[in-house]
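Protein chains: 2
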Amino acid sequence: MANSSHRYCVIMCGGIGSRFWPYSRTSQPKQFIDFFGTGRTLLQMSYDRILPLVDPKNILVVTNSTYYDQVREQLPELESDQILLEPARRNTAPCIAWAAYHIAARDPEASMIVTPSDHLITREREFEQSITRGFEFVEKHDALLTLGIKPTRPETGYGYIQIGPRIEDDILKVKTFTEKPNLELAKVFLESGEFFWNSGIFIWKANTIINALRTHCSDVSSVFDLGEESFGTPEETPFINKFFPACMNISIDFGVMEKASNVYVECVDFGWSDLGTWSALYDNSPRNRDGNVTQNCSVLSYNSSGNIFAVRGDKLVVVSNLEDYIIADSGDVLLICPMSEEQKIKQMVNDARITFGDKYL
Amino acid sequence: MANSSHRYCVIMCGGIGSRFWPYSRTSQPKQFIDFFGTGRTLLQMSYDRILPLVDPKNILVVTNSTYYDQVREQLPELESDQILLEPARRNTAPCIAWAAYHIAARDPEASMIVTPSDHLITREREFEQSITRGFEFVEKHDALLTLGIKPTRPETGYGYIQIGPRIEDDILKVKTFTEKPNLELAKVFLESGEFFWNSGIFIWKANTIINALRTHCSDVSSVFDLGEESFGTPEETPFINKFFPACMNISIDFGVMEKASNVYVECVDFGWSDLGTWSALYDNSPRNRDGNVTQNCSVLSYNSSGNIFAVRGDKLVVVSNLEDYIIADSGDVLLICPMSEEQKIKQMVNDARITFGDKYL
Numbered sequence: 001m002a003n004s005s006h007r008y009c010v011i012m013c014g015g016i017g018s019r020f021w022p023y024s025r026t027s028q029p030k031q032f033i034d035f036f037g038t039g040r041t042l043l044q045m046s047y048d049r050i051l052p053l054v055d056p057k058n059i060l061v062v063t064n065s066t067y068y069d070q071v072r073e074q075l076p077e078l079e080s081d082q083i084l085l086e087p088a089r090r091n092t093a094p095c096i097a098w099a100a101y102h103i104a105a106r107d108p109e110a111s112m113i114v115t116p117s118d119h120l121i122t123r124e125r126e127f128e129q130s131i132t133r134g135f136e137f138v139e140k141h142d143a144l145l146t147l148g149i150k151p152t153r154p155e156t157g158y159g160y161i162q163i164g165p166r167i168e169d170d171i172l173k174v175k176t177f178t179e180k181p182n183l184e185l186a187k188v189f190l191e192s193g194e195f196f197w198n199s200g201i202f203i204w205k206a207n208t209i210i211n212a213l214r215t216h217c218s219d220v221s222s223v224f225d226l227g228e229e230s231f232g233t234p235e236e237t238p239f240i241n242k243f244f245p246a247c248m249n250i251s252i253d254f255g256v257m258e259k260a261s262n263v264y265v266e267c268v269d270f271g272w273s274d275l276g277t278w279s280a281l282y283d284n285s286p287r288n289r290d291g292n293v294t295q296n297c298s299v300l301s302y303n304s305s306g307n308i309f310a311v312r313g314d315k316l317v318v319v320s321n322l323e324d325y326i327i328a329d330s331g332d333v334l335l336i337c338p339m340s341e342e343q344k345i346k347q348m349v350n351d352a353r354i355t356f357g358d359k360y361l
Numbered sequence: 001m002a003n004s005s006h007r008y009c010v011i012m013c014g015g016i017g018s019r020f021w022p023y024s025r026t027s028q029p030k031q032f033i034d035f036f037g038t039g040r041t042l043l044q045m046s047y048d049r050i051l052p053l054v055d056p057k058n059i060l061v062v063t064n065s066t067y068y069d070q071v072r073e074q075l076p077e078l079e080s081d082q083i084l085l086e087p088a089r090r091n092t093a094p095c096i097a098w099a100a101y102h103i104a105a106r107d108p109e110a111s112m113i114v115t116p117s118d119h120l121i122t123r124e125r126e127f128e129q130s131i132t133r134g135f136e137f138v139e140k141h142d143a144l145l146t147l148g149i150k151p152t153r154p155e156t157g158y159g160y161i162q163i164g165p166r167i168e169d170d171i172l173k174v175k176t177f178t179e180k181p182n183l184e185l186a187k188v189f190l191e192s193g194e195f196f197w198n199s200g201i202f203i204w205k206a207n208t209i210i211n212a213l214r215t216h217c218s219d220v221s222s223v224f225d226l227g228e229e230s231f232g233t234p235e236e237t238p239f240i241n242k243f244f245p246a247c248m249n250i251s252i253d254f255g256v257m258e259k260a261s262n263v264y265v266e267c268v269d270f271g272w273s274d275l276g277t278w279s280a281l282y283d284n285s286p287r288n289r290d291g292n293v294t295q296n297c298s299v300l301s302y303n304s305s306g307n308i309f310a311v312r313g314d315k316l317v318v319v320s321n322l323e324d325y326i327i328a329d330s331g332d333v334l335l336i337c338p339m340s341e342e343q344k345i346k347q348m349v350n351d352a353r354i355t356f357g358d359k360y361l
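One line per chain: the protein sequences are A and B, in this order.
Residues 1 to 361 (this note's numbering) make up the first sequence, in order.
Residues 1 to 361 (this note's numbering) make up the second sequence, in order.
These are computed hints drawn from the structure, not numbers from a lab.
Backbone N, C-alpha and C fix where the C-beta goes; we use that ideal spot for every residue, glycine too.
There's no promise every hint is true.
As the list claims (entries may be wrong) - Computed Cβ-Cβ distance ranges for the label pairs, DEER-style:
(1) 69/B <-> 356/A: 32 to 40 Å
(2) 313/B <-> 290/A: 27 to 35 Å
(3) 39/A <-> 323/B: 33 to 41 Å
(4) 283/B <-> 343/A: 29 to 37 Å
(5) 188/A <-> 358/B: 43 to 51 Å
(6) 305/A <-> 262/B: 55 to 63 Å
(7) 72/A <-> 313/B: 25 to 33 Å
(8) 358/B <-> 284/A: 32 to 40 Å
Starting from the given sequences, assemble the full structure and let the hints guide the process.
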């Protein structure tokens, strides 16, 4: 790892986890929960996974300022200057832009991996090899590298990346990014062998992404260019608190990746799930002998299978004649909903807000 | 009410409410819960209902010693000597025997109504008239009077009383007591006009039931005869604590009513339910516009009706695609069970005991 001192990691940790409401709440989103009962939260697992690859001092966590205490508590190893606190939620492009400007000011030669904090990766050895390979690639090329996951089923919940010409080994030119497909299309994607899941994990040099932002997403880069001399100085935090909220709300995919020409995909297969849905959580969790998945609770089940029980506070759940439901309990909210209807939960959260205000969010 | 100073009421209040587990718990059985959100618990409603009929000083509550504090709290009007504390659970015959010996020692002319504390009665004016009529009858006759409810549906959850010859007005000789019938038989009962629901409410003179116990249930009466001179004296409590547990566990129906020849039924119609089942609670509770019944919680429901939500602690329940279920939550236990399977809850409670000990009872 000759270049490892120039390698950085940015863990994005600002999500509010509304898709797992009420099990995850605005006050404790998904990344801060020990989803698998292993003793480590998803954020901690993300940190642990990157430790063999990056100098611990080069790991940054970007989160919303409301989550500062939770990050400090879960990752006490971090110095406070390793936690970048967004004063407002502005999606991934402003988040990544800030991290890139911050890192570039500290180390103009820096390369960086950007990773969500709430995904599951099961084969860590393959992960290490893939990330190392990706760093090596972007250190040699002026490349925006995204990680594409070899699909294992016709998943309709993910975006896909269509591959173009091979550059070297598992790294190929990106042909297109696609939206979430319907089931028929997802089956075609899977069979073609040309489509990979868009993981939301990126590797690039800090200056490569800054240049790409300036070219394709100047609404965002212009804000950070305003404060260029403040990064890495005591002026950075006041600058961010004042100007970050002025950034437009835009994703890095839409703002940069779908527009830039130097976009590459590394095709990887390290046991990945974005855990973005209850179904994904169910699929990635060990089942008990009745075919139910249990989070943090005891279950007595009768003629019931295919359910996921996500219940806080060491509770006993007794269930009879229920198939393929989500049962989620946060103490003051109980949700009972068929797994097939989980896309409606967002509307339910909204209805709860309309009816009861913020009390149950 | 010329005789009212000789009229007593015995409210039986020792049930453990296992059929509404986990909404009711051993630590707070059904009679102590404000089931209808009216501000009065079932016990308090039972007390209120009897107040116009009996001198408040002549109202006794018989309960298990573990519920003393709850009775005191819910009925602060009672003097402590109006609460008879059973040192053990021994079913209704020993409970009623003690109350009868206690009352007879105080007033040899006493008549008494014995009533459960966890039933619902909706037409209190008819109740008052019926009870007054019943007192008048037993004060004139050496009669064991039970109240039979005019059935309104072929209910399979109740015992029935078959009527014999009419004695006067709505009071008839009892022909037989029957066990809970199957549905076909219940329909025959309903159509015949000869069968009434066995309410478990009794009226008799204290000495009439004592004599009947001596004749038909001497296993029980012999225990109380042992301590006859202690009733109404400071010796009563030590006597009960020592000898009550020696009583056999037997119901007054089985021990006396099914055997005695001087048994009569007053046919009444005052809007009665024993609230012995979730279905009965559902049937007797106001429904919201979605057809769900809600106890103590807020509900957002989607494509869901016929459910009963009995949830402690002002919780929000969000439910989608659920029909005719019981959703009961006591804080540390959540039950989700089809209403049609409620007879299996007893087994579930037992399974919980086997698996987790007394923790969740």
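Checking against the hints above, which ones are violated?
Number 5 - this is the single hint that the structure violates.
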